[in-house]
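J.: Residues per chain are reported as follows:
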Amino acid sequence: MNSLVVSDVTLAFGGLYALSDVNLTIQAGLITSIIGPNGAGKTSILNCISGFYHPTRGAIRFGDRVLTRASPHQVSSWGIARAFQNIELFRGMTVLDNLMLARHRKLDYRIWHAFVYMGRASRQEAINRAIVEEIIDFMELEPYRKQIVGSLSYGVQKRVEVARALTLEPQLLLLDEPMAGMNIEEKEDMVRFVLDIQKERHTTVVLVEHDLGVVMDISDQIYVLDFGQLIGSGRPEEVARDPKVIEAYIGEN
Amino acid sequence: MANRESLLEYTIPQLLRWRVDETGERVALREKEFGIWRSLTWNQYYEKVRRAALGLGAIGLERGQTIALITDNIPEMLIVAIGAQSLGAISAGIYQSSLPHEIADILNYIEASLVFCDDQEQVDKLLEVRAKIPRVRKVVYEDPRGMRGYRDDDWFVFIDDLYQLGQAAEGNDASLFDHLISQGRPDDVCHLCLTSGTTGLPKGAMMTHRNYINMGLRITEADYLAPTDEYMSFLPFAWIGEQMNSFGVALATGITINFPESVETIMSDLKEIGPHFMFGAPRIYETIRSQIWLRIDETYWLNRKCYHYFMGIGERAAAFRMTGRKMPLGLKLLSWLGTTLVFTPLINQLGLLRLRRAYTGGAALGPELFTFYQAIGVNLKQIYGQTEITGIAYMHRDGDVRPDTVGMPLPGTECRISEKGEILSRSASVCAGYFKLPDKTRELLEDGWLHSGDAGYIDEHGHLVVIDRVSDVMHTRQGLMFSPMFLENKLKFSPYIKEAVIFGNRQDFVAALINIDPVIVGKWAEDRRISFTTFMDLSQKTEVADLIRQEILSINARVEKDHFKIRRYAILYKLLDVDDGELTKTGKIRREFVQNRYQSLYDALYDPAVEHKKVSATYQYQDGQTTTVETEMQFYTVAEK
Numbered sequence: 109m110n111s112l113v114v115s116d117v118t119l120a121f122g123g124l125y126a127l128s129d130v131n132l133t134i135q136a137g138l139i140t141s142i143i144g145p146n147g148a149g150k151t152s153i154l155n156c157i158s159g160f161y162h163p164t165r166g167a168i169r170f171g172d173r174v175l176t177r178a179s180p181h182q183v184s185s186w187g188i189a190r191a192f193q194n195i196e197l198f199r200g201m202t203v204l205d206n207l208m209l210a211r212h213r214k215l216d217y218r219i220w221h222a223f224v225y226m227g228r229a230s231r232q233e234a235i236n237r238a239i240v241e242e243i244i245d246f247m248e249l250e251p252y253r254k255q256i257v258g259s260l261s262y263g264v265q266k267r268v269e270v271a272r273a274l275t276l277e278p279q280l281l282l283l284d285e286p287m288a289g290m291n292i293e294e295k296e297d298m299v300r301f302v303l304d305i306q307k308e309r310h311t312t313v314v315l316v317e318h319d320l321g322v323v324m325d326i327s328d329q330i331y332v333l334d335f336g337q338l339i340g341s342g343r344p345e346e347v348a349r350d351p352k353v354i355e356a357y358i359g360e361n
Numbered sequence: 047m048a049n050r051e052s053l054l055e056y057t058i059p060q061l062l063r064w065r066v067d068e069t070g071e072r073v074a075l076r077e078k079e080f081g082i083w084r085s086l087t088w089n090q091y092y093e094k095v096r097r098a099a100l101g102l103g104a105i106g107l108e109r110g111q112t113i114a115l116i117t118d119n120i121p122e123m124l125i126v127a128i129g130a131q132s133l134g135a136i137s138a139g140i141y142q143s144s145l146p147h148e149i150a151d152i153l154n155y156i157e158a159s160l161v162f163c164d165d166q167e168q169v170d171k172l173l174e175v176r177a178k179i180p181r182v183r184k185v186v187y188e189d190p191r192g193m194r195g196y197r198d199d200d201w202f203v204f205i206d207d208l209y210q211l212g213q214a215a216e217g218n219d220a221s222l223f224d225h226l227i228s229q230g231r232p233d234d235v236c237h238l239c240l241t242s243g244t245t246g247l248p249k250g251a252m253m254t255h256r257n258y259i260n261m262g263l264r265i266t267e268a269d270y271l272a273p274t275d276e277y278m279s280f281l282p283f284a285w286i287g288e289q290m291n292s293f294g295v296a297l298a299t300g301i302t303i304n305f306p307e308s309v310e311t312i313m314s315d316l317k318e319i320g321p322h323f324m325f326g327a328p329r330i331y332e333t334i335r336s337q338i339w340l341r342i343d344e345t346y347w348l349n350r351k352c353y354h355y356f357m358g359i360g361e362r363a364a365a366f367r368m369t370g371r372k373m374p375l376g377l378k379l380l381s382w383l384g385t386t387l388v389f390t391p392l393i394n395q396l397g398l399l400r401l402r403r404a405y406t407g408g409a410a411l412g413p414e415l416f417t418f419y420q421a422i423g424v425n426l427k428q429i430y431g432q433t434e435i436t437g438i439a440y441m442h443r444d445g446d447v448r449p450d451t452v453g454m455p456l457p458g459t460e461c462r463i464s465e466k467g468e469i470l471s472r473s474a475s476v477c478a479g480y481f482k483l484p485d486k487t488r489e490l491l492e493d494g495w496l497h498s499g500d501a502g503y504i505d506e507h508g509h510l511v512v513i514d515r516v517s518d519v520m521h522t523r524q525g526l527m528f529s530p531m532f533l534e535n536k537l538k539f540s541p542y543i544k545e546a547v548i549f550g551n552r553q554d555f556v557a558a559l560i561n562i563d564p565v566i567v568g569k570w571a572e573d574r575r576i577s578f579t580t581f582m583d584l585s586q587k588t589e590v591a592d593l594i595r596q597e598i599l600s601i602n603a604r605v606e607k608d609h610f611k612i613r614r615y616a617i618l619y620k621l622l623d624v625d626d627g628e629l630t631k632t633g634k635i636r637r638e639f640v641q642n643r644y645q646s647l648y649d650a651l652y653d654p655a656v657e658h659k660k661v662s663a664t665y666q667y668q669d670g671q672t673t674t675v676e677t678e679m680q681f682y683t684v685a686e687k
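Residue numbers (the working numbering), protein chains in the order written: chain A, 109 to 361; chain B, 47 to 687.
Taking lysine to any residue and the SDA-like style, the derived pairs with C-alpha atoms no more than 20 Å apart in a straight line are:
| id | chain 1 | residue 1 | chain 2 | residue 2 |
| --- | --- | --- | --- | --- |
| 1 | B | K486 | B | E468 |
| 2 | A | K254 | B | R341 |
| 3 | A | K307 | B | G192 |
| 4 | A | K295 | B | E167 |
| 5 | A | K254 | B | W83 |
| 6 | B | K482 | B | E108 |
| 7 | B | K466 | B | L491 |
| 8 | A | K307 | B | D189 |
| 9 | B | K317 | A | P251 |
| 10 | A | K254 | B | K78 |
| 11 | A | K254 | B | S308 |
| 12 | A | K352 | A | L320 |
| 13 | B | K78 | A | A234 |
| 14 | A | K254 | B | G81 |
| 15 | A | K307 | B | R191 |
| 16 | A | K307 | A | Q329 |
| 17 | A | K254 | B | K317 |
| 18 | B | K538 | B | Q641 |
| 19 | A | K254 | B | E310 |
Calculated directly from the structure, the hints in this document are not laboratory data.
In this text, all values refer to a predicted model and were calculated from it rather than measured experimentally.
Turn these sequences into a full structure, and let the hints steer you where they fit.
T.: If you want it as structure tokens, here you go:
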């Protein structure tokens, strides 16, 4: 598996620096969390990794590949998937259709195959469905398979959002606040899903999350951002003791 | 059929082997997995049972030992249970919702040496009490999800490894398994069914192979099932109802058992399968009806109009159908139209279209629910029985469904009422007694009859009417027997009455203390522009008292015996509550406590001269403060019609 290395990345919007000289290493197979107060640049980092933004300076590498100037669809084809903070699903479609559609990049049949729906088209759709069903089972979405996404509760929609990212069978999964707005029980479920994604699907997880309890519990490595700068990093217990981190979160002590 | 009777000489595993010879390529089990219904033929079923049995043998399960199963409904629950039975071992189901310490107590009581769990949730419970269950040598699990941390612990065995062990144990001796199951005798104990004790530990009823197979044969003697029929397994495996169907009925008839994808998808899986018969507790039928009501409420006006019009027709037609009487031609025509236009599409939406019979048991079901289901074309019938008789002793017959009764004895079941009024039964399905409880067994099977502990009587149609637990039955001053629960249930079937307490032990007549339903009576009062402030105020309104009087009058008009009639009643100014100690945790009335607490009301009920009485009620707020409210409570005498 590949590690993701972010070196000296700076992201500037005119004179405003969203990220300044950020260095981080996401080690393969672990859960790495990026935390920080609002506006610290957490989502900006995810946007740079997934190709929505291109860093003004610096480089991002995933194994041998250079992501610095890659487009989002390239990044996703290289094994990096992302679940969004604001759920990005087709609200008028069923859960199943959303997940099937998310795999359209993995299909390579032509329109005339689709018309007759024999041979290649039906074969590929069947394989696709099997993979999607495996993910439905994994994320425990069976009761919602045929339901319209817009009619589901927020907690379930979040699960569908993560499932959508998983359908790409990523090596590295970017999770942007998967637990925001959830109640305790939904959070516990989601934590279990994140751990299972790491351990049973052997996927590297990058977690951006505000709930520090969750972050401290499940992360192997934590990076702390504040005003676009990296102010601390290490294992959870190290970060929790770091005076700079405490100051950024609680103010002066 | 002589052929059918001969099945009684088989054990469950032997009957499975016989099925394989008869209909080996037919589908026996079907499970929805990854969105697809996957089938197992009888051949494959048998093959899996064989491997599971030999695997269980390989990890040390021996004849006479017990294996407990804590699992949702999955094919493996049958494969492992019958596998264990093939070795002459005894299976036992434990409710999935049981708490860890309860599981530990049960495992120790039944002396389980192995446990089968479906997933990590149950495995974790066992881990919590591992020190308390030294007898348990191995735990077999089915779903590897989340089990990565336990892989190095040899207490656990993954089911696929169990199958491989079985395969290896067989080696070259293909007759090993055949030889094993041939040693079984139909009267061997094969399963322990835990009955829910109201106090203390559950008792394990010792069920034999013959108990189940006999039940399967007798049910289908009354209500025929074809081998191509479908059954949906969603009752808890620990409940006799599920074992009765998946051991007894399925093996005796060769029907297909379908397993839902998950507990949450039962309703949609039901729709996909379209079972031919189903069993359930009253709650499931109440849930389905609420769903129908909800959808009718949401549909467009024409649909709604049609539904309500034909519902009226349907109910009238149901009254004829339930009693087997001939319908007048006009009604028949309208009823046919309603079925075609409204009810067939409606029950098809729910997956109940192919349902020939639906059975309810376990608790009382409101008569209007029977009428409702019969009206929409679902043949809902009552069964009565207990774990100790493999589920069913009495059952309604088609065209003879009387909502107040539980029907007639099942074929092959002898039934009588003892002098004390207790319901006694005798059949080949009566269990062998309670596990390790000889005293209780003696009480249960005194004089060769199964003592149900329920009081009842046979009505003029030959139907059994169940009254109450014998221990709860009351007697009037004249010594006439009546059941408070029986009357309370009748009262509670009224939508306006939420709770009712019946008095009358050693009194001249029966009296009732009523709790009105605050929401429904509140709405009723609003619709009639009756103004009220609090629940206390509403409960003492004359109009409300008249409403309740009408309900009581209609019950009085329908009860079988004169001394059942409710003569005096009052409406309580507060709701009976668990926190006040008036109800148990499961919502049953704590009779003595209530009577002591409301002694002055009780006295007033039995003093016909009293029409109203000042009462003061003390309330305690959550912060500990108390307040006292005074009100005038009204007492009413119900006039004879």
